[in-house]
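2 protein chains.
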Amino acid sequence: MKLGSLKSGRDGKLVVVSHDLAWCADASHIAPTLQAALDDWDTIAPQLETLATDLAHDVIPKERFHEREAASPLPRAYQWADGSAYVNHVVLVRQARGAEVPESFWEDPLMYQGGSDSFIGPRDPILLPDETWGCDLEAEIVVVTGDVKQGASRDEALAAIRLIGLVNDVSLRNLIPAELGKGFGFVQSKPASAFSPVFVTPDELPNWKEGKLHGTLNADLNGQPFGRADAGVDMTFDFGTLVAHLAKTRDLVAGSIIGSGTVSNRDADGGPGKPIAEGGLGYSCIAEVRMVEQIQDGEMKTPFLKAGDSVRIWMEDEHGHATFGTIEQDVVKP
Amino acid sequence: MKLGSLKSGRDGKLVVVSHDLAWCADASHIAPTLQAALDDWDTIAPQLETLATDLAHDVIPKERFHEREAASPLPRAYQWADGSAYVNHVVLVRQARGAEVPESFWEDPLMYQGGSDSFIGPRDPILLPDETWGCDLEAEIVVVTGDVKQGASRDEALAAIRLIGLVNDVSLRNLIPAELGKGFGFVQSKPASAFSPVFVTPDELPNWKEGKLHGTLNADLNGQPFGRADAGVDMTFDFGTLVAHLAKTRDLVAGSIIGSGTVSNRDADGGPGKPIAEGGLGYSCIAEVRMVEQIQDGEMKTPFLKAGDSVRIWMEDEHGHATFGTIEQDVVKP
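If you're matching them up, the sequences are chains A and B in order. Per the numbering used here: the first sequence = residues 6 to 339. Per the numbering used here: the second sequence = residues 6 to 339.
What the hints contain is simulated information worked out from the structure, not anything from laboratory work. A portion of the hints provided could be inaccurate.
In this list, chains with the same sequence are indistinguishable; a pair is considered to hold if it fits within one copy or across any two.
No more than 27 Å apart at the CA atoms, straight line, and that leaves these computed lysine-lysine pairs for BS3-like [claimed, not checked]: (1) Lys187 with Lys217; (2) Lys217 with Lys253; (3) Lys18 with Lys253; (4) Lys12 with Lys338; (5) Lys154 with Lys214.
Since we're looking at a predicted model, the values are computed, not measured.
All chains should be built: construct the whole structure from the sequences, respecting the hints.
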């Protein structure tokens, strides 16, 4: 099933959304919010499944689902931790910063604890007061877990995954070097992220296999194809491994969101990916294309985001429908 | 007023607690949880204040408040970000790791985004499956904010502080170097923190001045005085500055918890603090005493926490009562 939250109060109003995202049914009589559903998933999920079936059979009241009216499925969450499972991306971005990639990065997942208190909606603008911050998109896959016990194995962690979605993990590239230089990770360089209009249960995703979501993650920049990387390719750590990594020393509460890191594919020749215009699969963030430009032309040419730019991120099912809806954000100077 | 949460469900049950912490009154008819109160503070706080007055005048039903039955005031929160406002501590701990302290650390707050999804109660054990992880206490002051807008000034941030408390920010010292070496901050090296049994509004704290809480932060280790540092001394960044730092690039939602970092005082001679047995003010974490031992004796002698050890953290008011209750934790091998 597909679950979303309509904008309402601090936590939105839970709706079940039809497979094609055209319709939704109010689910707030079952659980007022998605967090409430996740808190009591074993009891609530079957009731939501029944509602989803009734919606599909058109036997209950329904209303049009407008992605522009959707809040983040979890407008605020108790946890957002983002991995860097596509080590190819890490290699390129570190190269761009002049930083080295230790060999251990291929065996020990890199992850940061992100701010989870105030996500923006999938169609909300990216408010950018200062363009010199170097604003970038990062297109990623995310999972939402149930409760996970400290020390959970990879398989236990995998079994605890309740929902899958997408994120634009907005990053302020020019704030990163100084902040990482302090050694305590990201704080100011990661403003509010935007998640996809709906999160989807694994059983509805034929491309969800062994903790990886296969298929093309589309990213457009100003209406032009920018990224078409396959999320199932070059993912060094699957989501079970990422969740278990996070749970090594403490319990995770239901509703924890864990990200894949920026999706990134190597080129067929093993080198960094090529732009789509040159027959490649493109990029899921601007930092990566800038690095490739630096390598190829000795100069970073693609600018970071500025007011007026627009970003679209989505995946398609076998019918060409956007599986999770579309993240679509304009950059706005407040 | 003083607010706590009795253990109940995922978010506890809100109670108003008497000034001496002997009694409490059920506040769940006003707001079921502390988060709910913070979500609608302007409406809820006056009602809670009335309840606190009625409790003080003994005109409403009350029950004994047992700190051992208290959950974390916020058993899970949408945000936990911890500063390092006592730069003296940062200098010593970095020295211990052989890492340098850039000059900018005295002007630009150091802060990390912590896991906020599953805090343990103030009397809950610290479950330590592996003693080689190097488990340490960190005694700190925390504040809980209301909503804070992106770009808030220091004064605006200060005005948004709703509650003040203490934390034992448990750290796994031997996991830190490898994790920080990866550059993305703490994940596994920061297990669940434990907060004080109650959080207190600023108006009830005569020692809360200009965004700093003055007075002795007591830490005992295995029943012996270990730390008696003054939280108002050597705090390079006040809480208004810390909250504004966090809010530079995104909104903060009500219920965000921001920590001071380990409280640490220089010795009267300007050098690192001396142990209490030598007439000093001691330490708020083991890493610091180990560093001082290294400097003085060429050898770190005080071991990190192991099963059977106990930690107590509290502050006292002018009557010798524990203002926020006492964090009291045994280390247990699960």
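Against the structure, the hints come out as follows:
| no. | hint | verdict |
| --- | --- | --- |
| 1 | Lys187 with Lys217 | between (33 Å within a copy, 24 Å between copies) |
| 2 | Lys217 with Lys253 | within (20 Å within a copy, 35 Å between copies) |
| 3 | Lys18 with Lys253 | neither (33 Å within a copy, 29 Å between copies) |
| 4 | Lys12 with Lys338 | within (23 Å within a copy, 45 Å between copies) |
| 5 | Lys154 with Lys214 | within (23 Å within a copy, 41 Å between copies) |
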